[in-house]
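Enquirer: Respectively, the protein sequence lines represent chains F and W. Counting from 1, one number per residue, gives the positions in the first sequence under our numbering. Counting from 1, one number per residue, gives the positions in the second sequence under our numbering.
Check before you lean on any hint, since a few could be wrong.
[As the list claims (entries may be wrong)] With a straight-line cut-off of 25 angstroms between C-alpha atoms, the simulated PhoX-like cross-links for lysine-lysine are:
#, chain 1, residue 1, chain 2, residue 2
1, F, 68, W, 11
2, F, 68, F, 58
3, W, 11, F, 42
In case anyone wonders, no lab produced these hints; they're calculated from the structure.
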Amino acid sequence: GENVEQHPSTLSVQEGDSAVIKCTYSDSASNYFPWYKQELGKGPQLIIDIRSNVGEKKDQRIAVTLNKTAKHFSLHITETQPEDSAVYFCAAWEEEYGNKLVFGAGTILRVKS
Amino acid sequence: DTGVSQNPRHKITKRGQNVTFRCDPISEHNRLYWYRQTLGQGPEFLTYFQNEAQLEKSRLLSDRFSAERPKGSFSTLEIQRTEQGDSAMYLCASSLGPAEEAFFGQGTRLTVV
């Protein structure tokens with residue numbers, strides 16, 4: 001089945017700097033890749049997603065890039081703010097062995113002011 | 001639309017007791033997923049429903065776990081004879097269909113003592 005690896009596990013940046021989180025996936029049939037933000041004690045919140053027919057997608061300070069050949073995708077946050085501090089999860093839609101999202105282990109992002 | 005709602009938010013139970021959680025998905029969402037999340041990990045898939053039909057169950061879902069979605073609306077997840085290893089956050093998500101945006105509830109945090 002699908003396997004998603006996420007790096008780094010923790011990331012500290014200065015307020016205003018950029019943050020990049022990278023994920024790789026194993027199932028070449030996967031075609032949908034969302035990113036979630038999870039704050040303490042809350043459920044994951046969808047922040048951006050990308051489909052396999054697109055190489056990049058932007059939404060204000062957040063962007064996601066996808067390289068299907070290399071089977072990796074990345075989340076880019078520019079001009080980071082303290083409220084961006086949270087745990088971020090990437091996920092890939094597993095098509096071949098079941099219809100579900102498979103998640104990475106998460107990245108703890110700390111934005112220092 | 002109030003989003004995905006889960007109840008209760010917290011549950012503390014003694015080992016060996018049965019517990020039941022409820023999930024109310026976003027109306028008109030046909031897909032409903034249950035995930036489990038332990039500290040420092042990403043959500044792990046448990047099971048999903050397409051309308052009222054339960055179409056896939058993870059190997060994580062032992063025979064002590066049962067889920068239902070009568071009439072394709074709300075869903076319940078029951079754990080019988082709880083064990084300490086069942087302590088986790090149980091998350092519910094819903095989507096319009098496969099590989100569509102999945103929205104999570106706030107989760108039910110289960111503590112087995």
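Enquirer: Each hint: holds or not?
Expert: Against the structure, the hints:
no.: 1; hint: 68/F <-> 11/W; in the structure: violated, 42 angstroms
no.: 2; hint: 68/F <-> 58/F; in the structure: holds, 18 angstroms
no.: 3; hint: 11/W <-> 42/F; in the structure: holds, 15 angstroms
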